[in-house]
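Undergrad: If you want the building blocks of each chain, they are given just below.
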Amino acid sequence: MGLFLSLLLLLLLLRFALRFGSGVFAWIEQRLPVAHFLYEHLGRYPAPKNLNYWYVFGALALLTIAMQFVTGIWLVMMYIPTAEHAFSSVQAIMREVPYGWLIRYTHATGASLLFVVLYLHVFRSLLYGSYKQPRELLWLSGVLLMFLMMAEAYTGYVLPWGQMSFWACKVILSLFSTIPWIGDDLVVWLQGDYEVSGITLHRFFAFHVLGFSLIVLAMVFLHIVLLHVAGSNNPEGVDILATKDKQGWPKDAIGYYPYFVYKYIPVVMLYLLLMVLMIFYFPTATDFIFEKENFRPADPLVTPAHIRPAWYLSPYYAVLRAVPDKSIGALLMFLAIALWAFVPWLDYSPVRSMRYRSMFARISLAAMVVAFVVLGIFGSLPVDSSNLWISRVATVVYFSYFISLPIVSRYGRDYPVPKRIR
Amino acid sequence: MIDLRVLALSLLMTLSLSAESLVQLEAVSVQPLNTPKVLRGAEHFKQSCMSCHSLKYWRYDDVAKQAQIRLEDMPTWPLDSWGGHPPPDLSLIALEMGPKWIYTYLHAYVSDSSRPTGFNNLVYPNTNMPNPFVDMQGINRLKPEYDIHTLHLLDKPHWYQVVDFGRAGSMTAQQFDLYAEDLVTFLTYVSDPSIAQRAALGPWVVGYLLLAFACSLWVFMRMQKK
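Here the protein sequences come in this chain order: A and B. Mind the numbering: the first sequence is residues 1 to 422 in the numbering used here, read in order. Mind the numbering: the second sequence is residues 1 to 226 in the numbering used here, read in order.
Hints were generated in silico from the structure; no laboratory data involved. None of the values given here were measured: they were computed from a predicted structure. Any given hint might turn out to be false.
[Claimed, not checked] So the derived list for chain A, only partly shown, Cβ under 8 Å to chain B, looks like this: (1) Leu241; (2) Lys244; (3) Ile265; (4) Met269; (5) Phe295; (6) Leu301; (7) Thr303; (8) Ile307.
Cβ coordinates follow ideal geometry from the N, Cα and C atoms, glycine included.
Could you build the full structure based on these sequences and the hints that come with them?
TA: Here is the structure:
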């Protein structure tokens with residue numbers, strides 16, 4: 001109630017300020033056209049009129065990244081990036097800082113939910129062929145962002161300096177040692193010490209809060225610029241820019257604001273509701289967000305029985321373990337993400353949306369998704385011979401998506417795409 | 001459908017593999033929001049645990065005040081004391097091992113003359129911790145047909161299935177269950193005291209977002225009609 005009253009008051013005040021300050025606003029607008037910019041990129045952004053709820057995940061990702069920045073800044077105020085104090089400073093945040101638990105739980109839950117959102121966002125692109133001409137660079141910037149997010153998540157995961165932080169850090173760094181010739185030197189260079197130590201922690205802190213996050217910011221900006229140059233794809237995969245009215249406005253488009261803004265706000269509220277429910281009632285998410293082992297301070301002398309990565313990295317970890325040779329495993333693990341960059345050039349079909357793609361194309365996408373989920377599940381389990389074989393089969397299915405893409409897209413019989421959105 | 005089953009299976013497997021206990025972990029009702037119970041647990045902690053274990057991340061809050069626990073009275077051990085294995089700090093033990101593990105651990109002491117303390121534990125075999133509950137729970141011993149070294153071959157029995165209840169202590173079994181339950185409740189509270197604040201604030205935030213969802217949906221539906 002109080003919140004609503006204050007919100008109402010704020011709106012009234014804003015109106016008041018706008019009326020009396022219109023001269024000032026006009027003066028600023030003339031020199032810095034913010035309102036014009038917003039109008040151009042929201043009100044006059046031609047959004048295909050058939051955008052469905054799959055198109056909300058980009059906005060949700062943007063919102064979550066903004067939340068990560070805000071909560072992250074407040075965490076940095078209290079966190080101490082040294083091997084001696086990292087663990088206890090996190091506990092101080094949880095217990096002494098007013099609402100410190102809220103800030104930290106939001107940051108950790110936000111990181112996990114961001115990957116849920118990102119994976120669904122990528123799936124949307126595959127479903128409606130959003131990576132195809134003329135959006136190849138948009139897609140490439142997205143693949144790069146996915147890499148950056150993983151680097152950001154990995155460096156951030158190390159910071160609490162619990163057992164799992166330490167050992168996951170060690171395992172992932174050891175992957176670089178499989179690079180021929182320079183591997184071992186590279187690992188020492190990356191960790192800044194002959195072993196993973198407080199020095200490693202300190203530089204991961206630097207990468208997490210400054211290095212990667214600045215590049216993420218720049219790439220997100222570029223991603224949006226590229227989107228606004230090429231325009232949104234749509235569930236039909238119809239090129240809406242091909243049919244324009246006399247004013248040059250695409251006939252099948254409406255402004256993003258107000259219709260889609262109002263359409264997606266309820267979804268944003270549901271998303272925040274999910275996040276709040278997790279933060280307030282289920283913060284550890286039974287080992288999925290806060291692993292049990294990570295409540296024990298890092299101990300270089302005690303190896304946990306079962307080291308596993310965070311759930312959003314476990315598909316790639318499963319690929320690594322499925323291959324008996326460590327160097328080839330590490331290479332395949334890298335390719336499991338990097339191959340996505342080539343998808344626009346592996347897919348020859350001009351038809352974008354799966355609604356008009358051949359049965360083979362649909363099946364191969366579905367098989368890839370199932371393989372990815374299976375890899376995710378088995379990557380988080382301890383290895384034994386039966387689940388190792390399941391991971392191997394899933395790895396083959398996953399990579400056969402990329403191998404079969406040129407064949408499926410060339411020989412599969414796609415359906416004719418309509419010229420206009422019905 | 002298959003995915004769901006695989007998921008359920010994987011969850012089961014991770015749960016069962018998280019502890020190397022010889023016996024099944026018993027269910028326990030943890031109520032960290034039940035203040036009298038938390039306070040009782042705090043009293044028990046002061047009585048049974050605090051001579052060796054610290055809670056170094058705990059802060060002086062209402063529970064500490066009411067239970068009259070002075071945090072500076074908690075022990076601090078040099079790293080080389082107790083043969084290099086000083087009693088661990090218990091601030092986060094409930095999050096690390098889980099309430100079920102602690103609850104069963106506290107029950108599962110059996111006398112074992114081969115151990116320096118005279119006791120072994122079925123949940124955490126070869127523990128260095130002496131049995132603190134000899135006077136309360138009494139002394140239990142493994143049934144003669146079982147051997148602690150081959151117990152892992154069995155399919156995780158309940159601890160009470162494999163022990164003979166020997167000399168009774170000052171408490172009945174029910175009293176001791178409650179005693180352990182209070183302790184676990186207290187340790188769960190200490191591992192994340194934000195739970196009280198979360199429970200107080202949660203309904204408001206959830207209610208606010210539900211309202212915001214309903215309002216925004218209503219606005220959108222009205223807009224769609226036009």
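Undergrad: Could you tell me which of the hints above the structure violates, numbers in ascending order?
TA: When the structure is compared with the hints, numbers 1, 2, 6, 7 and 8 turn out to be violated.
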